[in-house]
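Q: We have chain A already, so just place chain B on it with the hints.
As given, the protein sequences belong to chains A and B, one line each in that order.
Going letter by letter, the first sequence gives residues 1 to 323 in full-length UniProt numbering.
Going letter by letter, the second sequence gives residues 1 to 179 in full-length UniProt numbering.
Since the hints were derived computationally from the structure, they do not count as laboratory data.
Virtual Cβ for every residue (Gly too), placed ideally from N, Cα, C.
In silico SDA-like cross-links for lysine to any residue, where the CA-CA straight-line distance does not exceed 20 Å:
1. K54/A with S211/A
2. K90/B with N84/A
3. K95/A with H87/B
4. K206/A with E52/A
For the chain B half of the interface with chain A, some residues (derived, Cβ under 8 Å), not all of them:
5. W37
6. V69
7. C70
8. C101
9. F113
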Amino acid sequence: MIEVTNYRDNPLIDPHLEIWEWQISVYLFLGGLVAGLMILNGLWRIRDREHETKAITNSAVLWAPVLISLGMFCLWLDLVNKLNVYRFYMTFQIKSPMSWGSWILFLVYPAQILAVAVAKGSDVFGGVLKGLNPLLQILKSITNGREKQIAWLNVVLGVMLGIYTGILLSATAARPLWNTALLGPLFLVSGLSTATAWNMLSRPTKIEHSSLAKWDFSLIITEMFLLLLILIGFLSGTEGHQSAGMLLLGGGFTAVFWIFVIILGLLFPLWLELREMRGHSTPAWVAPALVLLGGLALRFVMVQAGQVSHLPDTELLFGAVGH
Amino acid sequence: MARYGMVIDTHRCVGCHSCVISCFMENSVPEGYKRDWIVEVVSGEFPNFRSEIRSERCNHCDNPPCVFVCPCGASYVEEGTGTVLVHNEKCTGCKACIAACPYDARFINPAGFADKCTFCDHRVKDGLLPGCATTCPTKAINFGDLDQPGSHLHKLMHDRSVKSLKPSAGTGPNVYYLL
Chain A
1 MIEVTNYRDN
11 PLIDPHLEIW
21 EWQISVYLFL
31 GGLVAGLMIL
41 NGLWRIRDRE
51 HETKAITNSA
61 VLWAPVLISL
71 GMFCLWLDLV
81 NKLNVYRFYM
91 TFQIKSPMSW
101 GSWILFLVYP
111 AQILAVAVAK
121 GSDVFGGVLK
131 GLNPLLQILK
141 SITNGREKQI
151 AWLNVVLGVM
161 LGIYTGILLS
171 ATAARPLWNT
181 ALLGPLFLVS
191 GLSTATAWNM
201 LSRPTKIEHS
211 SLAKWDFSLI
221 ITEMFLLLLI
231 LIGFLSGTEG
241 HQSAGMLLLG
251 GGFTAVFWIF
261 VIILGLLFPL
271 WLELREMRGH
281 STPAWVAPAL
291 VLLGGLALRF
301 VMVQAGQVSH
311 LPDTELLFGA
321 VGH
Chain B
1 MARYGMVIDT
11 HRCVGCHSCV
21 ISCFMENSVP
31 EGYKRDWIVE
41 VVSGEFPNFR
51 SEIRSERCNH
61 CDNPPCVFVC
71 PCGASYVEEG
81 TGTVLVHNEK
91 CTGCKACIAA
101 CPYDARFINP
111 AGFADKCTFC
121 DHRVKDGLLP
131 GCATTCPTKA
141 INFGDLDQPG
151 SHLHKLMHDR
161 SVKSLKPSAG
171 TGPNVYYLL
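In isolation and in its complexed conformation, chain A is listed as follows:
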């Protein structure tokens, strides 16, 4: 028998951490989604497939700067001392994933604006944003002939952004649920999958929709494989990792993880996309909407459950044992 009574009761710390709420989950989700949009846009351009596309290389990419701004706004909302936000850009801390992230976010903006500039069509913006088109024409004249370089820049920065959203959590050894090297790749693949879903909802061409469905099918399979590896890693890991894994396999987060992430977010859209590939007709918006819901749920579960997971109170004995 072992009974521990801790008389500390600090707000947001005890009985377990509650420091990061919906703002961080939404920020990580939007970061992954934008990373995916940048990568998809770049890859389609590199492969010279613009003629087939409407959403990937044209309409969806316009959302990237908007979505990342929304994500950064969420991150800002989470800061306790909001006026000190400029401090992120007064230094570069090489060992801090959050410092890397701040500077990556700083760099993705110009890359995204360049990607918008090379989007096809002379008048990309409509409605109230029409006034931006002349500015876009100037950018277009500068970027003319440099489409491939811009595409590569977006792919590289997109991969960095997508992986960073996972490393932000995984570099935290004190929280075993986050402390897996596969979290970066998982969030990158999930980000690509949600970006594919976003494109599928951005009125793609028929050829494009079928390419996106196939692409998303592979991404969902990869994501499930990574999740399986992560769970195997937890169960075969240290005591802390085992109890972290049990949060998703019988513990407090089991229902939400299996229902929203695995069944509704992965298995159901996978089945719908498989049906679509076999020629059955399904409402085109259902699978992508579920993928987006699943991506958001994954971030919510990981951020919240990770704060509950902790290292066990193992103690090292040394010196003259036996006194």
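A: For chain B alone, kept in the frame of chain A given last:
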């Protein structure tokens, strides 16, 4: 170059919370928060129980993850003492340091920055002991330079079994407990 640390005698500690109160007074810790705290552990099977009472705080680690994750350089290790401190005015309150600490030793001060034990650096600079070590009525809390050979901390650790908390976290804690 010193490496400040503590050696806390679990046999002497009676869990009176004097260290908590003195820290509260000395450092104007906001109400409802603690920079140091008491933990009681009862283990064994009837009738052979073992009880341990200890006063815990920031471990002022040699390898402090709270310092590494800080994106603004607000968390730092003080040169010459090894004490882990926070530049309050640089802190954004991003809470990465709180997530990184395996001891949950940090909290957000309602004034808007990450707060924690400082080993009462303002007292130590004046040649005084930290508030908790001064107040402890059973002299369970011993403070000093862990790198000074022959110091009273070394003598204490030489004669008794010693442990640190969560050594598997790889943080190199500088608060030791005598068993």
